[in-house]
Amino acid sequence: MRKKISTLLTCSVLLALSACGLGSSGSDTDSDDTIKIGTLFSVSGAGANLGDKMRKGAELAVKQVNADGGIDGKKIDWVFYDPAGDTSTAVQQTNRMLDSDGVELVVGGGGSSGIALAMDPITSGRGVAFIATEGARQIVEPAAEAHPLTFKTTFNDTVMVERLIAFWKANGITRVAFMPDTSSFGQSAQEELERLAPEAGIKVFTAAFDPAANDLTPQVKRLAGNDPQAYLAWTITPAGVTFLKNIRSVIGERDVMVMHGFGFVDDRYMEQAGAASTGTILVSPKLPVWDQIDASDPQQPVMEDFATAYAEEYGGEQPNVYAGQAYDAMMVAVAALRATGGDTDGEKIADAIEGLGTHVGVTGAFKFTADDHSGLTVDDVAVIQWDGSRFLPVE
Amino acid sequence: MSTGLEISGVSKAYGGLQVLRDVTLSAPAGSITAVIGPNGAGKSTLANVISGFVTQDAGTVAVDGTTLPPGRAMTRASRRLGRTFQNLEVFTGMTVLQNVAMGAYSRQRGGHLADLVRGPRARRDERAADEAAWALLDRFGLGGRADSLVESLPFGEAKLVEMVRVLAMEPEVVVLDEPAAGLPPASALPLARTIAGMAADGIGVLLIEHNMKLVMSISEHVVVLDQGQVLTEGTPAQVQQDSRVIEAYLGPGPTTTEELTR
Amino acid sequence: MRGRRDAAGVVRRRRKAWELWITIGLLVVLPLISATDYSLHIWTRMAIFLILLTGLNLIQGVAGMTSLAQAGFFGLGAYAAGISAVRYDLPPLAALVVAPVVVTLVALLVGVLSMRLKEIYFTMATLGAGFVLFLLFGRMVELTGGPNGLVGIPPFSIGGLEFTEPIMRYALVAVLAALGAVVAHNLLVSRTGRALRAYGASEPAALAVGASPFRLRLLAFGLSGFYAGVAGALEAFDARFISPSTFDFMTAVLLVVALVVSGAGRMVGPILGALLLTGIEVFAADYADYEPLIMGVIFLVAVQLFPRGVAGELAARWEDRRERAQRSGESLGDSSAPAGTTRTDVGTPAMTEELRR
Amino acid sequence: MDTGLLIQVILSGLSVGAIYALVAVGFGVIFNATGAINFVQGEYVMVGGLSAAMLYEAWDVPVLVAIVAAVAVTVLLGVLTEFGLLGFGRLRTPASITIATIAIAVIVKGSAMLISDRDTYALPSVLGTDSLQVLGASTSRQTVLNLLLAVAAVAALTLFFQCTKLGTTLRAAAGDSETLQTFGVSYRTTARWAFVIAAALGALAGAGLAPLTVMSFDSGTLLGLKGFAAAMLGGLGNPRGALAGGLLLGIAEAVMSGYGAAAYADVVAFVVLLAILTLRPTGMFGTARAVRT
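Residue numbers (the numbering used here), protein chains in the order written: chain A, 1 to 395; chain B, 1 to 262; chain C, 1 to 357; chain D, 1 to 293.
It should be emphasised that the hints constitute simulated quantities derived from the structure, not laboratory data.
These figures come from a predicted structure and were not determined experimentally.
Just to be clear, a hint being listed does not mean it is correct.
Claimed, not checked - Just a few of them, taken from the derived set where beta-carbon distance is under 8 Å, the chain C residues facing chain D:
id : residue
1  : Leu117
2  : Glu119
3  : Ala125
4  : Gly128
5  : Ala129
6  : Val132
7  : Leu135
8  : Phe163
9  : Val257
10 : Val260
11 : Leu293
12 : Met295
13 : Phe299
14 : Val303
15 : Gln304
Said to hold, decoys possible - To list a few chain A residues with every Cβ distance to chain C over 10 Å, as calculated:
id : residue
16 : Ser100
17 : Pro142
18 : Pro198
19 : Met257
20 : Thr344
21 : Gly346
22 : Ser389
As the list claims (entries may be wrong) - Derived Cβ-Cβ restraints for the label pairs, each shown as a range:
id : chain 1 : residue 1 : chain 2 : residue 2 : range
23 : D       : Ala152    : A       : Thr308    : 25 to 31 Å
24 : A       : Gly69     : C       : Ala35     : 36 to 42 Å
25 : A       : Asp227    : D       : Ala152    : 52 to 58 Å
26 : A       : Gly172    : C       : Leu113    : 32 to 38 Å
27 : D       : Leu127    : A       : Gly172    : 37 to 43 Å
28 : D       : Phe88     : C       : Leu105    : 38 to 44 Å
29 : D       : Ala58     : A       : Gly252    : 31 to 37 Å
30 : A       : Glu317    : C       : Tyr88     : 48 to 54 Å
31 : D       : Ala72     : A       : Lys169    : 53 to 59 Å
32 : D       : Ala152    : A       : Arg175    : 53 to 59 Å
33 : A       : Lys169    : C       : Tyr88     : 41 to 47 Å
34 : C       : Leu105    : A       : Glu317    : 51 to 57 Å
Ideal placement from N, C-alpha and C gives every residue a C-beta, glycine not left out.
This is chain A alone, in the form it adopts within the complex:
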């Protein structure tokens, strides 16, 4: 009798698995009273922590828009997928969204630059507008020729590096130790820094590290040999905490500037590094210090509303910069849809976004043009410092 059961179980498992491949391929009819927006964020696997915050940011935007009547009466039908950090899964999900789920506009590129780069040819190939929330500038550059329908609401590494170099110049720093991780995030920052720093007369000494590393003291000690005035790490992974702990143990009390890239702006990480994180300086969007920005800055009220709404919606949790970027991406899409009266044709949406003029978002004042599909400038970048319990702006 036992063998009979196991045969039935096997066949049913196998059929169920392949059957649902068939089942979902039937496409839903395009009901005309909603606009289908598709989103990919990795809420499991690598970078899961980051993806989770991005999902909440975008979700908040959808809820707010639908709450006050949607776009000219059309509510947003939000389709969400989790590629779990895997590019081939993301490619397949994007095809599924556009072919069978009838998604007309894509917001959110899987939470990693690699996935966003893979999604772009698919969305552009189908004439669908795509607003990414990932960092690599290759996603939107060169904008006019190669990525007419693709935008992103994150800082280009170029803008961040320019702000850093301006800050270093202002503080007379000419020797910098740079530790990027071996992810795409670290890799593209390294290219920009090694391109722009020499022009500003700043010498950069680099040693990369693997995000899964448990001890970075060899790299830190090696770079210490060049007697740098500042140590800059560039990662979004927990290894950034190890960096802070190792810097304190290797460098001790010598007054050097310990810095992190905008990927590490997260008060939870800062707390987990304990005493080692006090005094760390970061380049970042203004969101973490929104309550320190005086009301005259048009971005201040937008950030305040977002922070309070997010805390209400998610049990007092504070939004981080990634939630802000996802929220902005959805809001830019909504602004464009309002401009085109709900028409989701790729070209029309692209022209609408480029015609938005200044769209004041949580992350900054976006000024999209035909050649700049990121729309953020050096003035949108803030330099902040962790004083042991919270972030404060640095003059």
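Based on the hints, put chains B, C and D in the right spot on chain A.
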């Protein structure tokens, strides 16, 4: 007619223990030569040296006059030397037909890559091998079992399959390593007939065996091995009377019942 | 086919081909079931998995040696094709030839170094090789584009004809998958395939009949690399973008598991495994958070239920019934026979294939 | 020659090496008892570290209590692993057991992801955070503690295998588990004890690693693979070999980070694994075992 198997001056030591000491013997084609001796006399090591599973320290093993390279068991098949194993070695998960057809493996010329394309020549080779295997199965009454998995056969029949596989190699020399071990007495006769059949086909059979009834009934020549050395050799009749053989098996001096019970 | 042998002899030869026809039949039928762009994309991925698993089956199923390098080889094939097309402007057709050759050479190198090792040690050598490849994909930035992946791979094309239409992309992969299945079938039923399986079943006996274990297993491992190279090149030209994450350790484990669960060593194992993998990928799209947990449970249950894989279990049951029919003269397929009669144990401990390895 | 850098590289190598050693010893214990490679070993480290940190951060439990609780949780997981593998009595060969441990590792990681909600957790060091200056380089007290922990674990296990009844049975099981059963020693009890010891070792490694970095559901997998490479380097199944293998591998990675191309530090572990398997599969101190066909 090949001249069969010649072994001269074979010695083998494991660390300090000298297992084979300067062993010389031959198993002419078309005849059955037996090797007997008490446990630990070095019979199995001898079988392994001949079939290349063990590399001897000194001495040579030759088939039909050509010396075989020491060790390198896989070269034996192409030199037409086959063997069976003390505890049964059959290809489980494969049918009886496939087991026997494997015997012809080294005689088939087709290269491995040709098997990917499996052109007409490869198919013809395969069919020839299967035909030969069928013939052997019929000859030994295993035709009905052709498509059973070998592990589903009773022990006696599985042993027979192993022997038929060796015959499928069309060997000139066969080393049988205790073929009767584990078999019920009733199968001794058919086994004897099979071995005799091999000799009749012109194969030089080297029979390593404990079962005296079997050895004495079918061997033309018997070699007695003791502590790694050839004690004596001769016809079955001579060897049975030789006191040294009895002593080697039963220990020194007449053993009266008193001595045993003291 | 021998005429004068009784039915059993003839049936045996045709049964093996039956499993090959299932594989090719499915490749033909699937696009007929549903041919939307999305389904064709799914079938193409399934066919690429089929090529990968057919190759893996040669070393894992036939030779009985677990290899965790298949994902690394899959990646090497993809990058070899991608790099030669993007960086050196090789026409896609040439890249489709270069990739498998490169991977086969690397597989032979790894094989030469690790083939003499016993079971678990060989598996760990392949794990090491696979992981080194995966890490290199992410680190050699100028060549592979690093973690950002390799962008701008042209679609596959022969002469002027570009394979951009989903149906054409599927046809390309399906034809190569079918070809791969036929070649694997030929090897499986040929003397070489038998020798490979014989070696897994009894080392001494295989040596005694003159089969050289090293050369046979090296051939199987090299071939598994060739198949991975073809699959990699097709993946590169189909997705037109490759990044290291697709070829990581988890993929290597998934490939082995899908094959073991579906029945390594059987001709129908790869196609069942490919369906399972594609099903999991599609299934995973909906239940993101719980996917790893669910996959782990399914995988553990399957390994416990079928130590010899699904196809192995089904085939074993079919053979039980057929042998019982033979012995007691009942007609084949008479299902009234008592289920689950145990096998007669041969003298040595129960020699199921599972125990023997 | 900047001696400060050399000392720092060695200290860093020992710090990470101590964790690899503890993981490697865990692999050895399971290999001795079942002949299989336990892919869950890396996840035991994650569960140990993560549960300690979660208990500390979530319920403000003193660090020591959190660690003891974490070891208990991981040991329970070890018993469940043994049941998941051998409880159904269907898996007999090391190969099939090894594949089943992969399934359990995926389940453990998947559950940890759900329980920890993909968050990271930190655990302060029992000995405070100020660093120690040694010959111009620096390390932390936690590293010294981890090293002592690794050496103590290896010494304890060596004695345990040599002198205690259970220890000798565990070692004998490595030889031939069938014959062992004829002596009335249940294969399941020895396996269960092996998994309890391996889980405890994993938990201690996790609790030792947590203060040096932060723990997340993802911290175990790569660590497990590297621990295995260390076990192979030292000789699978030999506690002293595991210690030597772990420390050497840690130092090799640190040298690569300090002097070579830091980005390729991770490749070192697997190149070492490949080299050992092909040149000397029994590892430095391994007993000569039928490793080659």
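Results for each hint:
Against a cut-off of 8 Å between C-beta atoms, the interface hint on C:Leu117 holds, since the closest Cβ of chain D lies about 6 Å away. Residue-level restraint check for C:Glu119 holds (minimum Cβ-Cβ distance to chain D is 6 Å; threshold 8 Å). With a least beta-carbon distance of about 4 Å to chain D, the hint placing C:Ala125 at the interface is held under the 8 Å criterion. For C:Gly128, the interface hint holds, since its Cβ comes within 8 Å of a Cβ in chain D; the closest pair sits about 4 Å apart.
Residue-level restraint check for C:Ala129 holds (minimum Cβ-Cβ distance to chain D is 6 Å; threshold 8 Å). Proximity of C:Val132 to chain D holds as hinted, the smallest CB-CB distance being about 5 Å (cut-off 8 Å). The restraint placing C:Leu135 at the interface with chain D holds, with a minimum CB-CB distance near 5 Å, inside the 8 Å limit. Hint status for C:Phe163 relative to chain D: violated, with the closest Cβ pair at about 36 Å, above 8 Å.
Restraint check, C:Val257 versus chain D: the minimum CB separation of about 7 Å is within 8 Å; hint holds. With 8 Å as the threshold, the beta carbon of C:Val260 comes within range of chain D, its nearest partner Cβ sitting at about 6 Å, so the hint holds. The criterion of a C-beta within 8 Å of any C-beta in chain D is met by C:Leu293, whose closest approach is roughly 3 Å, and the hint holds. Checking C:Met295 against chain D: minimum C-beta separation of about 6 Å stays under 8 Å; hint holds.
The interface hint given for C:Phe299 is met, as the beta carbon of that residue sits about 4 Å from the closest beta carbon of chain D, less than 8 Å. With a least beta-carbon distance of about 5 Å to chain D, the hint placing C:Val303 at the interface is held under the 8 Å criterion. Hint status for C:Gln304 relative to chain D: holds, with the closest Cβ pair at about 5 Å, below 8 Å. Against chain C, the non-interface label of A:Ser100 is violated: not every CB pair exceeds 10 Å, the least being about 5 Å.
Listed as a non-interface residue, A:Pro142 keeps its Cβ farther than 10 Å from every Cβ of chain C; the least gap is roughly 13 Å. At roughly 20 Å, the least C-beta separation between A:Pro198 and chain C is larger than 10 Å, which holds for a residue marked as non-interface. Every Cβ of chain C is farther than 10 Å from the Cβ of A:Met257; the closest lies at roughly 28 Å, confirming the non-interface assignment. The claim that A:Thr344 is not at the interface with chain C holds, since no C-beta of that chain comes within 10 Å of its own (minimum 19 Å).
Listed as a non-interface residue, A:Gly346 keeps its Cβ farther than 10 Å from every Cβ of chain C; the least gap is roughly 17 Å. The claim that A:Ser389 is not at the interface with chain C holds, since no C-beta of that chain comes within 10 Å of its own (minimum 32 Å). At roughly 53 Å, the beta-carbon separation of D:Ala152 and A:Thr308 lies outside the given 25 to 31 Å, and the hint is violated. Checked against the given bound of 36 to 42 Å, the beta carbons of A:Gly69 and C:Ala35, roughly 40 Å apart, stay inside it.
Roughly 40 Å separates the CB atoms of A:Asp227 and D:Ala152, a value that falls outside the hinted 52 to 58 Å. Between A:Gly172 and C:Leu113 the C-beta distance comes to about 55 Å, which lies outside the given range of 32 to 38 Å. Between D:Leu127 and A:Gly172, the C-beta spacing of about 39 Å keeps the proposed range 37 to 43 Å intact. For D:Phe88 paired with C:Leu105, a C-beta distance near 43 Å keeps the hint of 38 to 44 Å intact.
The hint said 31 to 37 Å for the Cβ distance between D:Ala58 and A:Gly252, and at roughly 33 Å that hint holds. About 50 Å separates the C-beta atoms of A:Glu317 and C:Tyr88, a value consistent with the hinted range of 48 to 54 Å. At roughly 56 Å, the beta carbons of D:Ala72 and A:Lys169 sit within the given window of 53 to 59 Å. In this structure the hint that D:Ala152 and A:Arg175 lie 53 to 59 Å apart at CB is violated, the actual value being about 44 Å.
Range check, A:Lys169 to C:Tyr88: Cβ separation about 42 Å, and the 41 to 47 Å hint holds. As the Cβ distance of C:Leu105 to A:Glu317 is approximately 53 Å, the hint placing it in 51 to 57 Å holds.
Going through the hint list in order, the structure does not satisfy hints 8, 16, 23, 25, 26 and 32.
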